[in-house]
Amino acid sequence: MKYRSFGKLDFQVSALGFGAMRLPVIDGDQTKINEPEAIRMIRYAIDHGVNYVDTAWPYHGGHSEGVVGQALQEGYRKKVKLATKLPARLVKTAGDFDRFLNEQLKRLQTDHIDFYLLHGLNKRTWPKVRDLDVIAWAEKTMQDGRFLHLGFSFHDEYEVFKEIVDAYEKWMFCQIQYNYMDTEYQAGTKGLQYAAEKGLAMVIMEPIRGGQLAKQPPESVVKIWDSASQKRSSAEWALQWVWNHPEVSMVLSGMTTMEQVIENIESAERSHPNLLTEEELSLVDRVREEYKKRSPIPCTNCQYCLPCPNNVNIPGILGLYNDAAKYGDVKRTQFLYTIRIQEGEKASQCLECKDCEDLSPQGITISEWIKKADDLLDPKV
1 MKYRSFGKLD FQVSALGFGA MRLPVIDGDQ TKINEPEAIR MIRYAIDHGV
51 NYVDTAWPYH GGHSEGVVGQ ALQEGYRKKV KLATKLPARL VKTAGDFDRF
101 LNEQLKRLQT DHIDFYLLHG LNKRTWPKVR DLDVIAWAEK TMQDGRFLHL
151 GFSFHDEYEV FKEIVDAYEK WMFCQIQYNY MDTEYQAGTK GLQYAAEKGL
201 AMVIMEPIRG GQLAKQPPES VVKIWDSASQ KRSSAEWALQ WVWNHPEVSM
251 VLSGMTTMEQ VIENIESAER SHPNLLTEEE LSLVDRVREE YKKRSPIPCT
301 NCQYCLPCPN NVNIPGILGL YNDAAKYGDV KRTQFLYTIR IQEGEKASQC
351 LECKDCEDLS PQGITISEWI KKADDLLDPK V
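Just so you know, we're using the working numbering here: the sequence shown kicks off at 1 and counts up by one.
Simulated from the structure, these hints should not be mistaken for laboratory data.
Among the clues, some could well be false.
[What the hints assert, rightly or not] For lysine-lysine, the following DSS-like pairs were computed, each having C-alpha atoms within a straight-line distance of at most 25 Å:
1) Lys-190 to Lys-162
2) Lys-292 to Lys-231
3) Lys-81 to Lys-123
4) Lys-123 to Lys-78
5) Lys-293 to Lys-215
6) Lys-198 to Lys-140
7) Lys-123 to Lys-79
[As the list claims (entries may be wrong)] Quick list of the computed label-pair ranges, beta carbon to beta carbon:
8) Pro-36 to Pro-379: 30 to 36 Å
9) Pro-361 to Pro-309: 17 to 23 Å
10) Tyr-3 to Gln-193: 18 to 24 Å
Bear in mind the structure is a predicted one, so any value in this text is a computation, not a measurement.
Ideal Cβ placement from N, Cα and C applies to all residues, glycine included.
Hey, can you work out the whole structure from these sequences and the hints?
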């Protein structure tokens, strides 16, 4: 296993971290984890050098932390740094901070968390927990030893990310979505570089875009990959592109099968900052552009169409519709629609006033696409 520096800490982290958000399940039910297989996978990863395991309160309907706790028995807890997250979205009062953490310690069968994150910070959740003095609580809690280091995971625009990074000088790490298709999405490359320059350890989630970049790609993309002198699977191209960045401390992968664990560990063992040649990086750029060509809607996320008088999240919905077309993964896109688009912002809110169409620089017939998106992403039972 290859290891990397973890920000300002005197700790070498494995290039690959085990993300416990996509554990094997029974009969397709995400709340019913196949516990023996999940434990076998986590322990195999640790036995082969993975020293960072990440989970969170809501993963697998609240059952992920318990299974991780079981996997880390019999001496495995001492071999890893353990990360979990305060569910900022669910916090109502300052008393919830202790309530959630104490329950997580019980679930995980441990007396401390090594790395504790404020989960999924954005322009709504960050002001809420900030104004409840979460930082003061965190500093007190680190002193009593229930967790050792504070960070955050993030889902919003770059400016919000920068605000959060600048709000607290003692952040030790942060977790962002980053892959070769999402270089300008959310924190993006700018956020990666900005936080790394501040000394934060950079943990990367969604390096394979939830599996979309590991699926059998369209023929036009296959031809580009096949032209490479160094042959790699689609998944490895995605992982090596992220590991190629010196700013990246560790890549988290949510793995569902033992085969994925084995393949990702082997990829991590081949990883290195600046591994990819200029020719290979150019190849990835070509793949990115080829995927973009598969977007049926010419939306550039300029947001000139906003604000919608009916509060429809037009660019977010059009972006998800394009994703479904690009990657051929409707099921995952439907899931993302439920968590990314707020209830009052969904496509069904559209009244076809067409005010947005007069503002669209690309001349997009937005009302027609929003209707198609509503049918695809939010199918009525």
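Assessment of proposed distance window 17 to 23 Å (beta carbons of Pro-361, Pro-309)
holds, 19 Å
Can you confirm whether the C-alpha distance between Lys-293 and Lys-215 stays at or below 25 Å?
holds, 18 Å
Take the C-alpha atoms of Lys-123 and Lys-78, compute the straight-line distance between them, and say whether it is at most 25 Å.
Cα-Cα ~36 Å, so violated.
Quickly compare the C-alpha distance for Lys-292 and Lys-231 to 25 Å and report which way the hint goes.
Holds, at roughly 23 Å.
Holds or violated: Lys-81 with Lys-123, Cα cutoff 25 Å?
violated, 29 Å
Agreement of Lys-198 and Lys-140 with the hint, judged by alpha carbon distance not exceeding 25 Å
Within the cut-off at roughly 23 Å; holds.
Is the hinted range of 30 to 36 Å satisfied by the C-beta distance from Pro-36 to Pro-379?
At 35 Å between Cβs, range holds.
Taking 18 to 24 Å as the hint, is the beta-carbon distance of Tyr-3 and Gln-193 inside that range?
Since the Cβ atoms of Tyr-3 and Gln-193 sit about 22 Å apart, the hinted range of 18 to 24 Å holds.
Are Lys-123 and Lys-79 close enough, with their CA atoms no more than 25 Å apart?
Roughly 36 Å separates the two Cα atoms, so the pair is violated.
Does Lys-162 sit within 25 Å of Lys-190, going by the straight-line distance between their CA atoms?
holds, 9 Å
Hint violations for this structure: numbers 3, 4, 7, all remaining hints satisfied.
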